Amino acid sequence: MKLVVAIIRPEKLNEVLEALYRAEVRGLTISRVRGHGGETEAVETYRGTTVKVELHDKVRIEIGVSDTFVQPTVKAILAAGATGEVGDGKVFVLPVEKVYRIRTGEEDRSAVTPVVGEESGV
Amino acid sequence: MTPTPINQADTAWMLVATALVLVMTPALGFFYGGLVRAKNTLNTMMMSYVALGFVGIAWAFIGYTLAFSTGSNWLGGLDNAFFRNVGLDAKGTIPHILFAGYQATFCVITAALISGAIVERMRFGPYVAFITLWSIVVYAPIAHWVWGGGWLGKLGALDFAGGTVVHINAAAAALVVAVVLGARKDYARQAIIPQNVPFTLLGAGLLWFGWFGFNGGSALGANASAALAFSNTMFAPMGTLVVWSLLDITRTKKTTAVGAATAIVVGLVAITPAAGFVSPVSGIALGAIAAVPSYFTILWRSGTRLDDSLDVIAAHGVGGTVGALLTGVLAQKIWNGTADGALFGNPRQLGIQFVAVVATIIYSMVGTFVILKAIALVVPLRASQKEEGVGMDVTQHGEEAYSSGEGAILVQPDRG
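Protein chains in written order, with the working numbering: chain A, 1 to 122; chain B, 1001 to 1416.
Just so you know, these hints were derived from the structure itself, not from any lab.
Keep in mind that a hint or two might mislead.
[As the list claims (entries may be wrong)] With a cut-off of at most 30 Å between alpha-carbon atoms, the simulated DSS-like pairs for lysine-lysine come out as follows:
no. : chain 1 : residue 1 : chain 2 : residue 2
1   : A       : 12        : B       : 1386
2   : B       : 1185      : A       : 90
3   : B       : 1185      : B       : 1373
4   : B       : 1185      : A       : 52
[Said to hold, decoys possible] A short list of chain B residues far from chain A (calculated; beta carbon distances all over 10 Å):
no. : residue
5   : 1069
6   : 1209
7   : 1221
8   : 1338
9   : 1358
10  : 1378
None of these values were measured; they are calculated from a predicted model.
Beta carbons are placed, not taken as given, at the ideal position from N, Cα and C, and that holds for glycine.
Given these sequences and hints, build the entire structure.
Set out below in structure tokens:
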């Protein structure tokens, strides 16, 4: 099992989600974060105050996947999240020691594999 | 011609009415600003606010004279260019400068109305150039046709406060700009939902408040006609709101806040041409009827490739047309002293209304298209895909509506 953590552009979120859906990756968490990846600062002016905004809005996606899903997940994010310009973000793949599904108490591989009919149960 | 004396009551009411109509443009900024995505809030609101500057000054310099000074059937003359000869003498029963100021507020909001069709994608500079030129080339002539002594007024077209001049005119322009610019890159690909519905409700409420000046002031005096227009402005949108809510419940089982805000605007638009011409009961009927076509136009439009983003055509075009035509049906001489409509023995009035609607649509569409193409020869109209993605607030204005200040490093001012 791995934890895939991706930092992407907010305006690419919908495309990335679509790509993940097509890759049959289900179950993920997103959060809005701010970060800096070497892109040029935006200059903003509010009356007499001029600022350089070094931290840009980004979206952090976290996905716990079984080993067979690692490559499809990463590929989907790379393909859908790229614009080719500095600031597209990063994908990290981290080892995971243990996973539990809270509802059933299932562990590890079965905990990150969607059960049949799970989606329709929403 | 003996000059009429200035009437103090009329002047007092028109001073208030002018301030009321002025506040409608910021109100429109809130109405539109709530409906876009957070990254485009300031840009959208600025599209309204900037009209207060550029369009207002264009009106003072040249728009007013083209609309209201003595001229031909088609266009006013240049006697009042740069407000020359616009002083404290009576125009009607109020000071001339007050009349010109009151009419300026109409020109400003009409230009701003168009922005609803092109939010989240048009570059700001070309937008400002467009609405400024448009106010001179399109708005001023049509205002002259109907109110400035031009051919539609002589024909007997009834437009109390701007159903054709303001709303149909702005909506026809909106259609052309939306088509020329094309849809937003995310349109019909991903969900684009309102960032701040309370802003939209606030805007609709303030529009209603300001509209009392818009319609009530169009009587140009503190008189019975103003009272009729004023009360129709209150009751007609109430009718629209009730019918719209029932349509919402029938379709989705819930009444929506965005729907209520839209209904209020549609009702106000529809009663605008009729305000001082129809009885209060007719006004309520007109408001109630107007809900239906606008409601279904919005449903239909959102399934098409036409990215009239904030439904200017449905609210102002369809609402304005329904109002203008029903004015020709429901007008009553015993209420307005001018003309009866088709329901009261004068079917010809409906034909005249139809001519006014069609003439406005054609002229506005052609004029808008020519202005846009002329600007596009000099500068691109549309923001790049990347700018659209990042958002128009940062790329067009260098500001954010909702900034936490995290990671913002102060640049010390250069005192050199």
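Verification of the hints:
1. For a cut-off of 30 Å, the pair hint linking residue 12 of chain A to residue 1386 of chain B stands: about 11 Å separates their Cα positions.
2. Taken as a hint, the residue 1185 of chain B and residue 90 of chain A pair is honoured in the structure, with Cα atoms around 25 Å apart against an allowance of 30 Å.
3. With a CA separation close to 21 Å, the supplied pair residue 1185 of chain B and residue 1373 of chain B stays within the 30 Å bound.
4. Distance restraint check for residue 1185 of chain B and residue 52 of chain A: the Cα-Cα separation of roughly 28 Å lies within the 30 Å cut-off, and the hinted pair is therefore satisfied.
5. Non-interface call for residue 1069 of chain B relative to chain A: holds, since the shortest CB-CB distance, roughly 40 Å, exceeds 10 Å.
6. For residue 1209 of chain B, the non-interface assignment is confirmed: its Cβ lies about 29 Å from the closest Cβ of chain A, beyond the 10 Å cut-off.
7. At roughly 42 Å, the least C-beta separation between residue 1221 of chain B and chain A is larger than 10 Å, which holds for a residue marked as non-interface.
8. The non-interface label for residue 1338 of chain B is consistent with chain A: the shortest C-beta to C-beta separation is roughly 51 Å, beyond 10 Å.
9. Residue-level check passed: residue 1358 of chain B sits 42 Å from the nearest beta carbon of chain A, beyond 10 Å.
10. The claim that residue 1378 of chain B lies off the interface holds: its Cβ sits roughly 26 Å from the closest Cβ of chain A, which is beyond the 10 Å cut-off.
Consistency with the previously given hints is maintained throughout, with no hint failing.
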